[in-house]
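**Q** Listed below are the residues making up each chain.
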Amino acid sequence: MTEIQAWTLVFVVLTFGVYIYVAYASRVSDTKGFYVAGGGIPAPANGAAVAADWMSAASFISMAGLIALAYNGYNGSAFLMGWTGGYVLLAMLLAPYLRKFGKFTVPDFVGDRYNETARLIAVVCAIVVSITYVTGQMAGVGVVFGRFLKVDTTIGVLIGMAIVFFYAVLGGMKGITWTQVCQYTVLIIAYIIPAVAISAKLTDNPLPQIGFGQILAELEALQAELGFSEYTAALTGSSQLNMFLLTATLMFGTAGLPHVIVRFYTAKNVRAARYSALWALFFIALLYTTAPTVAAFAKFNILSSSQAGTLADQSWFDTWEEVGLITGPDGGTVADANGNGAIDFLGGGGNEAVINNDILVLASPEIGGLPAPIVGLVAAGGLAAALSTASGLLLVISSSVANDVYHKRINPKADEKQQLLVARITMGVAVVFAGYLGINPPAFAGEVVALAFGLGAASFFPTLVLGIFWKKCTAAGAAAGMATGIGITVLYFIWTLPSTSAPIFLGNDPILDIAPVGFGFFGMLVNFAVTIVVSQFTPKPSLAMQELVEEVRYPGHTDLVAKHAAGEDITKEDTD
Amino acid sequence: MDEQARREYWRHNLTLMAVLLTIWALVSFGAGIFFADALNGVEIGGFPLGFWFSQQGSILVFLALIAIYVWRMDKLDAKYGVEEYEEEVRGS
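Protein chains in written order, with my numbering: chain A, 1 to 576; chain V, 1001 to 1092.
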């Protein structure tokens, strides 16, 4: 066992032990504890849990790589602005009002505010989005275990499944929340320590956000010398439009994703829901302002170490080539094609190696020449990011099935015990399913993740916002809006995505050069338009419902909201 | 709250949101994307300004916007006597 493996094992065992202990200490026995942690989580803890929930393997492991390698600097900003900008929308347009409404899940709000058809559409969307995400998390767990502990990817996924199953099933939302607070702590320490160390080493400034500026001019020069496109330059024309669309889709998608929204139901009250959004973005910003610095420092190190553009004599190169995450340009093995005795890493022709986006963060301590314990810590951070998101998503799936399908549709007389049993069984099935997908990821996983954001933006966002801000928004309007918004987005995906990724895609040229990943924004506009138009011609919501929507706008205790939250049918005495 | 107070509270809330969301759009879509090229002509601390807004500045502004929002809403709640502070919304 190498020194890196030993340290990784130490950190993994240590952190997993903490997660399991915390889950055991906060186990629950009622549905309110299971679904929304009893609704009593203090704002800073809730914010840390949102941050851990939201920052998945994609943020921790992939994002810096996307910025440095796949999108080349400035273009990668769409992820930074999109994934954080959505919190401004969440904080002002959704969080306080949904907390006041006081239910368990997003479909719960949709079903209560509109009708049962809308609830079912929402359940389907919530489950599709969550399954998609969870697949990526499980695959990430496999990569980390495979690389750092040299175990088979399948065994890595199985270990991850067992841990998530234990704390999610036992503790429900309450266990998950406190575990996620610990996981946030682990992941942020693991992300920031190497960034600070590398910044101090390269620039003599330990604050990476400042040190970052000092290498940009030199990085730009190296990029130009080796044939990469410009790192800091802005885009023009249709690529600028696509950057806007991708950013906007990620923003509105973030504000429409069920596993984040459900977190605001766990806040103590309306005020705590607002503060949770502030704490969440604060905790997220710590990582999101560091990520572009990790990207730039790693690219700078790769391009400048020993001799510009040569990979072969860099120590991290062999370890990642071995696990197949650095390949030749055609996806095969890396070879010295031009026989100059070096592996050339270039932007244009003559390039001999492709570095997988996902390894940049995990490899950056090695690339920067940091000691083994830090490498082990980063591995534990990556696992924390993947597992915390996976558990939040599994909870969305199980509460959607147990609450919105089983309790609300199949067996309204079910007592707490029966509901909990259904929730735990669903959770078990979902864990097994997620593990299976993590071991056998579908070939088009990347496209499905983009689709999930498009779906979030095109389905939930307009339905929730109009449900709160427009009393006269009707059930028929919302159902029609959600259905057309999702429908048109899915159709565009089928029309444009490459047919090689899945047989249902047609691989046509995008209309007006609009990239599929940014199409969710149009889906959202269509949803808004259809909802508003249909609402003009369909029966208005009951007066009691209009009164409830009105009351949700003010904090503090109100009888109608309390009655509704307690499960009474507020429309009963209503004659309208 | 009576009908009049409710209307005022809600109007204040909507005005605050409109102002903050305008800044949100100007910073991210404006400074970060559509005017990034022009702003890149200015350089501060090694950063071309448009690039800085797209990778760091917009995130810091988002954080400030939510901070201003929660602070102003606390004051608004206090003015209309609907502050919750330690008290929980009762229910389920």
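Source of the hints: derived by calculation from the structure; they are not laboratory data. As the structure is a computational prediction, the values presented were derived from the model and not from experiment. Just to be clear, a hint being listed does not mean it is correct.
[As the list claims (entries may be wrong)] Under 7 Å between C-beta atoms, here's a sample of chain V residues computed to sit facing chain A:
(1) Asp1002
(2) Asn1040
(3) Ser1054
(4) Trp1071
(5) Ala1078
[What the hints assert, rightly or not] Chain V stretches covered by chain A per the calculated footprint, using a threshold of three residues with CB under 8 Å from any CB of chain A:
(6) 1003 to 1015
(7) 1021 to 1035
(8) 1045 to 1053
(9) 1056 to 1068
Ideal placement from N, C-alpha and C gives every residue a C-beta, glycine not left out.
**Q** Examine the region 1056 to 1068 of chain V for residues whose CB is less than 8 Å from any CB of chain A, and state whether their number is three or more.
**A** holds (count 9)
**Q** With a cut-off of 7 Å, does the beta carbon of V/Asp1002 approach a beta carbon of chain A closely enough for the hint to hold?
**A** Given a least distance of 12 Å, the restraint on V/Asp1002 is violated.
**Q** When I compare C-beta atoms, does the region 1045 to 1053 of chain V have three or more residues closer than 8 Å to chain A?
**A** holds (count 7)
**Q** Under 7 Å, Cβ to Cβ, is where V/Ala1078 needs to be relative to chain A, so tell me if that hint holds or is violated.
**A** violated, 11 Å
**Q** Hint V/Trp1071 vs chain A: min CB-CB distance below 7 Å?
**A** violated, 9 Å
**Q** Under a C-beta cut-off of less than 8 Å, do 3 or more residues of the region 1021 to 1035 of chain V approach chain A closely enough to confirm the stated coverage?
**A** holds (count 7)
**Q** Let me know if the C-beta of V/Asn1040 comes in closer than 7 Å to any C-beta of chain A, holds or violated.
**A** holds, 6 Å
**Q** Hold the hint about V/Ser1054 up to the distance rule: shortest CB distance to chain A must be less than 7 Å.
**A** holds, 4 Å
**Q** Okay, the region 1003 to 1015 of chain V and chain A, do three or more residues pass the C-beta test at under 8 Å?
**A** holds (count 4)
In the structure shown, a violation is registered for the earlier hints numbered 1, 4, 5, in ascending order.
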